[in-house]
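Chains as they are written, first to last, in this note's numbering: chain P, 1 to 418; chain W, 419 to 803.
A few of these clues could be false.
In silico PhoX-like pairs for lysine-lysine, Cα to Cα no more than 20 angstroms straight-line [said to hold, decoys possible]: (1) P:Lys331 <-> P:Lys352; (2) W:Lys657 <-> W:Lys634; (3) P:Lys331 <-> W:Lys594; (4) P:Lys352 <-> P:Lys369; (5) P:Lys387 <-> P:Lys368; (6) P:Lys331 <-> W:Lys657.
In short, the hints are calculated from the structure, not lab data.
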Amino acid sequence: MRNLIQEAGSAQQIGDAAKQLREIVSNEEFSLNSVLEIFEEWAAALQGREFDEIPGVSFLRLWLRRGTLDPILKRELGEASLVDGWNDDGRARLKSFPIGVVGHWPAGNIEIQPLLSMSCALLGGNGSLVRVPSGLVDITGKLFEKLQAVNSDGVLSRRIKLFSFDHSREDLQEAMARNVDGAMIWGGLESVSHMRGLPFPHWARIAVFGPRLSVAAMDAEVWNCQAERDSWCQRIARDVWQFEQQACSSPQVLFLERASNADASSFISELKQAFQAECRAHPRRELSPAMTSAICLARASWLLEDVSRRASFPASPDWTILVGSGAEIPKPTQGRTLSVLMVDDLLKVIEKFDGTVQTLGLAVADAKKEELLAGAAGRRGVDRIVKLGRMHVFGSPWDGVDLIRPMVRLVRHVPSQS
Amino acid sequence: MNAMSELDERINALLAGSTTFGLEPEERHEQLLVLFKDEITYACQRSPQYRNYADRWPVDYRKATRLADLPYLPVGVFKMNPPLKLVEQSQVTHTLASSATTGQVPSRVVLDSATAKRMSKGVTTIVRDFIGPSRRPYLVIDVSANLAGGGELGARGAAIQGLRSFATETVCCLEKDSSVEPKLNLNLLREFAAKWKNAEVLVYGFTHVIWNHFVKPLQSQGVKLEMPNVRVLHSGGWKRLERQAVSKDVFNRGVASVFGTLPGRVTDFYGMIENVGVIYPDCEFGNKHVPAFAEVLVRDPLTLEPVPAGGQGLVQVCSVLPTSFPGFLVLTEDIAEVVHTDGCPCGRRGTSFRFVRRVPKAEMRGCGNVETVRERPLEEAVIHA
């Protein structure tokens, strides 16, 4: 599998790969319809236990289906894009064409991200140069092998070059940047800041996803509803568990609106049970000592800094619930550490957002109230407002940005005989 | 008798026990478990903050049957400001501060006179087991400014002070001039070496200070001191020397060669200001041992359960000595390997371990942010004349 992903040794190797990709993109006809058909087959091939164990594969299967992609393509590229035609635009007509070669710098913690990012650029007809993080080489190879198998004529896989190299190889990072026409960059503060400083050509389009953090919020009516509490707690646990809370869409804090007729202790108790159940269903196989230290420090600091605060956690570092009050987002610890803060008014929380929050996971009983909160969140920089339990469901737009359109050119044709 | 006096008496009894490293492990654990529970109860009475933590601990400490189940504090909490304390400010006689590199916040722990006395006694008891009880000339490889005991003492100062009970006379062989780095006072050193040529001499310095400001200058000048009977103790960690690719073996041989002694007379010890009064020198088999008034647990980072012999994990240091701050049970940011749970060939009983490395800084691999607000770079001020 490793041979599907080349170990990059020199800048020349990357430059040559980009040149080949550009030749193909410029000279070969591209049919979006055939890409969608290959993606359907690829999704069907990603079945079986070996794939089910890879985090996010069930989502990748869903993402690659026409049922998911058709509406996204229609919205981003227009109705006619699905039949490889031109869209009418008054007297003119519009059609998307690739920008050329797109470089992908995925985050190191999301197993399916190298191929998810690549799929977006391929739907625009681009060539893809993907830097696969060292920890994801085997998984990416396994998933990519299935794409190669279903695409026996290589129409699609010819447009893809997967490379692996250490993130400290500045020469190779720069070579990748110099040779692309667009970039999709995913990751944390340090890596995103670094990638943005690479020597991209002046025409390169750069789409950055992350670093962001996400927040969950429930109004009093919902968390105080005995009948539904259990399922909401399960949804929150699922959102916390995925990606070890290291994803931009991971909730770091849950704001609970105070109820006049109930205290939150019974809700916290049910949340604790949901965390225990999720932990049994998805036990950790490893944890870095640094993360263990961070979790222990978060627990102790939380309780020592303010005697009115409470916390619930097992003797192991498996999960942590930190309970307090206030409308400020506490510094995230990650590693399944959720702060639960009581507030008088959820709107007051949202009014403090400044663009750092990507996703607001909501559980609000009243639709009008939710609309008010969503409007305020939009004005305060939130890009996704979703139901709790669906915070990681990848879709377009992501981080407020379309996923396909930024990497295409919309060519305008005004017919000469019109 | 009040709770503190009673605790003080029991701690001192353990500290003054006839055997520092000879207690049978189970017997020691039983003694320590009872004492730690009482110390936690005392701390809960003295500090509402600590009580809030102990009350939320997943195991009720009053019913705990193992040391491993008692509530421990991660070492990072000693960076809190003001420092955690169990005594009134008026009772604080010293504050110890860790050596933090630029930009880092140092740990700070407060001592009252009772804890300070125990600290001194603890170090003396341990060192005596390794070098014997006699007093001897004491060569400090540091500047004299670090010798002065003041209200606030750094880690280097605390270590230097801790060994002074073995000293008949103390000489500091580094001096500070206008440059940032300390300089070796070669004349003073030569004079000291000539005076105590064949005597038993105690030498102490921070590991990187000894190497960079003592061994390297002496080697470059071809100076060899003829002091075969020195005992060199050093501490402070290997991080800086690892960057210089200096291994323990290279260090020991280098130090031994400039003193004209054997590498076996150079002893590294592990210690930290949060674990007052306990240091862990290497025995002749290269293992670190725990005295009767303390314990070391090594916890698996995945489960936080203690690992068996051969296992590696996060080091938890336990000491009954401090009562001025809640430093009885501290989870460090160091990784160690348990060599034996008992039975080191050196004869010292109980856990023996080896330091492996510091816990590396957490690597951020995801697209999640840990900054909760957006900070914009400051605009450069353009001033037009």
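Right, here's what the structure says about each hint:
no.: 1; hint: P:Lys331 <-> P:Lys352; in the structure: holds, 14 angstroms
no.: 2; hint: W:Lys657 <-> W:Lys634; in the structure: holds, 17 angstroms
no.: 3; hint: P:Lys331 <-> W:Lys594; in the structure: violated, 42 angstroms
no.: 4; hint: P:Lys352 <-> P:Lys369; in the structure: holds, 18 angstroms
no.: 5; hint: P:Lys387 <-> P:Lys368; in the structure: holds, 15 angstroms
no.: 6; hint: P:Lys331 <-> W:Lys657; in the structure: violated, 29 angstroms
In terms of the numbered hints stated before, the structure departs from hints 3, 6, listed from lowest to highest.
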